[in-house]
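S.K.: In case you want the letters, here they are:
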Amino acid sequence: MHPEAAATRIPLSPWRRPTMWIAGAVLLLALVTAGLGHWDLIASAHADLAGPSFAAPDRVHPLGTDAVGRDVWLRTLRAAEPSVCTGGLAAMLALAVGTWAGAWAGFAGGTVERITLALAQIVAAVPPLIVIIGLVALLGPGLVSGACGIAAVQWVAVYRVIRAESQRLAAEGFVVASEAMGASVWWRIRHHGAPHLRPLLGTMLAIQLAYAIKAEAVLGFLGLATVDMPSWGRMIASGSTHLPRGLWWLTVAAAAPLTAVVLAAQFLGDALQSSRDGERTAPPRHPR
Amino acid sequence: MGDAFSPTWRPWRFAIRRVLAGALVLVVVFVTIAIVGEVLIDPAVGELGPLAEMAALDERRRQLDLDRPLRARVVDQLAAAATFEWGTSIVHRRPVTDVLWSGLGPTLAYAVPGFCLATVAGAATAATQLDAPATRRAAALNLAAATLLGMSSLVLVVLVHDLFATRLGWFPALGWPLTPGSHLVGLGHLLLPILVWALLQWGADYRMYRAIFIAEARQPHYMYMAARGLPRSRIRRHLLRGCAGTVVARVVQRLPHLLVGSVVIEDVFNVPGLGDAVIVAARANDRALLQGVAVLSAAATVVVQTGGDVLARWLDPRLRLE
Chain A
1 MHPEAAATRI
11 PLSPWRRPTM
21 WIAGAVLLLA
31 LVTAGLGHWD
41 LIASAHADLA
51 GPSFAAPDRV
61 HPLGTDAVGR
71 DVWLRTLRAA
81 EPSVCTGGLA
91 AMLALAVGTW
101 AGAWAGFAGG
111 TVERITLALA
121 QIVAAVPPLI
131 VIIGLVALLG
141 PGLVSGACGI
151 AAVQWVAVYR
161 VIRAESQRLA
171 AEGFVVASEA
181 MGASVWWRIR
191 HHGAPHLRPL
201 LGTMLAIQLA
211 YAIKAEAVLG
221 FLGLATVDMP
231 SWGRMIASGS
241 THLPRGLWWL
251 TVAAAAPLTA
261 VVLAAQFLGD
271 ALQSSRDGER
281 TAPPRHPR
Chain B
1001 MGDAFSPTWR
1011 PWRFAIRRVL
1021 AGALVLVVVF
1031 VTIAIVGEVL
1041 IDPAVGELGP
1051 LAEMAALDER
1061 RRQLDLDRPL
1071 RARVVDQLAA
1081 AATFEWGTSI
1091 VHRRPVTDVL
1101 WSGLGPTLAY
1111 AVPGFCLATV
1121 AGAATAATQL
1131 DAPATRRAAA
1141 LNLAAATLLG
1151 MSSLVLVVLV
1161 HDLFATRLGW
1171 FPALGWPLTP
1181 GSHLVGLGHL
1191 LLPILVWALL
1201 QWGADYRMYR
1211 AIFIAEARQP
1221 HYMYMAARGL
1231 PRSRIRRHLL
1241 RGCAGTVVAR
1251 VVQRLPHLLV
1261 GSVVIEDVFN
1271 VPGLGDAVIV
1281 AARANDRALL
1291 QGVAVLSAAA
1301 TVVVQTGGDV
1311 LARWLDPRLR
1321 LE
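Going down the list, the protein sequences come from chains A and B. For the first sequence, my numbering begins at 1 and goes up steadily by one. For the second sequence, my numbering begins at 1001 and goes up steadily by one.
Keep in mind that the hints were calculated from the coordinates and are not lab data. Just so it is clear, the structure is predicted and the values come from calculations on it, not from any experiment. Check the hints yourself; a few may be wrong.
[Unchecked claim] Partner residues aside, some chain A positions facing chain B, computed with beta carbon under 8 angstroms:
| # | residue |
| --- | --- |
| 1 | L129 |
| 2 | A157 |
| 3 | V161 |
| 4 | K214 |
| 5 | V218 |
Every residue, glycine too, gets a C-beta built ideally from N, C-alpha and C.
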């Protein structure tokens, strides 16, 4: 594309993209379901025996029953809690740690940057799933240990992006001027860095959420997630063994919401990213 | 070191510095893993079980030298690891190096062909965007890549296995023969895991290579080449040469992931690879095997990325400015 043509692209507000609204609605629905399940307001009878085992979907049990006769629809609703909560907690932890470390490294530079970069390189040296599985195995299966394990690898990606953006901001004239006037690193991060980094955080949160939910599903599939409540990954693990017998609803019941939530997070992140890229190539707005 | 474009730039000095830095990273990684393992896992409990008597646990800890200071134990582990003495797996009851070596073959047997297939397919489909970036075909490819990237690998592997192996019967259900057979039998077993790996990787590769090619195509000198009347094929050759460094860096970044493979693929297809070893080690709290896999993958990452950085900078002088 010609550089001048790229500069005349008109940015599309993220709120005018249909994918944003659809993705947001799906994520909101998942969050509400997880919250209602956590406080036992829905699917409180998920562990009760509701009918014969392996019953096909019908009007009484919309998604059939599992091996011991529990209602699959209620278990699917209840499984939203560990999947969404672990993924959400992991994404927020990774965002918090990565953002602070990246902003600090980008604005302070020097020894701070070298130390944080070395830490990131050490974590990145081991394949992510090994770190996650290893940490969860060491800490024991659970919602918090899963979130900590996933966040322990995800913060590196956030750190790299925030550090690059912070270095760019730190070279801007207004930041250099504030530094020359004696502003501390924290003052510069708070007053100059935060307003410019905030739009980036929304995009990163959506993308990290997608990755975290996928990672939690894999942990559940491998039997390393929380054991005291159903999770979509564990439902897929148990359901996949019955697929050759034609018992498709056990797998589809968990695969469908998992796919919908992850796709929604991914598309939301893509829409936010596209809007930001459009804004960057837009012509500068001159004061009238 | 020499100026970026000066003929005095010496790749070997850069390589030595990277190797030394990589060795330091490796030592720190190993020490970190050793400390975390020593603090959080008790091998005596792993062997005797959590319900064993305190006296038996204490005796076993004394036999395993666990009453020594933490620093001494970590230093001993570091010294042993340098000579590839990575302990014994409590699950397999064999040296960890034997378990890793036997698992490496099955993992690489499907991971390497799958990786190559996805890389070539991703780069080839991304290259089609250069000629017609705004067509329906391009939009369809973008949507397919975004969808594959957004789907859980778990769902994809399970559904593909059920559809093509169980229902249609086009491929064997197992990804590895139960008994050693002919090479052709082995290849047939591996075909579906290879295709699944390629499918999982294609979406991310397509988007990355598309971004690389489009960013390179925006350089002004390609516009001048077109204005001078150079044929499109020659411009594309220049463009691909210009992207070579970045593409090599991307490929190298992904190579260490091949070592452990995909834990989901190995679990669903019953491939006895390193991913399967990680699952078994995690479920049984086999600290020695987990450490061995982590150290092996970290070592591979450091070695491969060091070599890849040197190669990328040799291919693309612009990267020497970084």
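S.K.: Next step is simple, just say for each hint if it's right about the structure.
M.R.: Cross-check of the supplied hints:
no., hint, verdict
1, L129, "holds, 6 angstroms"
2, A157, "violated, 12 angstroms"
3, V161, "violated, 14 angstroms"
4, K214, "holds, 5 angstroms"
5, V218, "holds, 6 angstroms"
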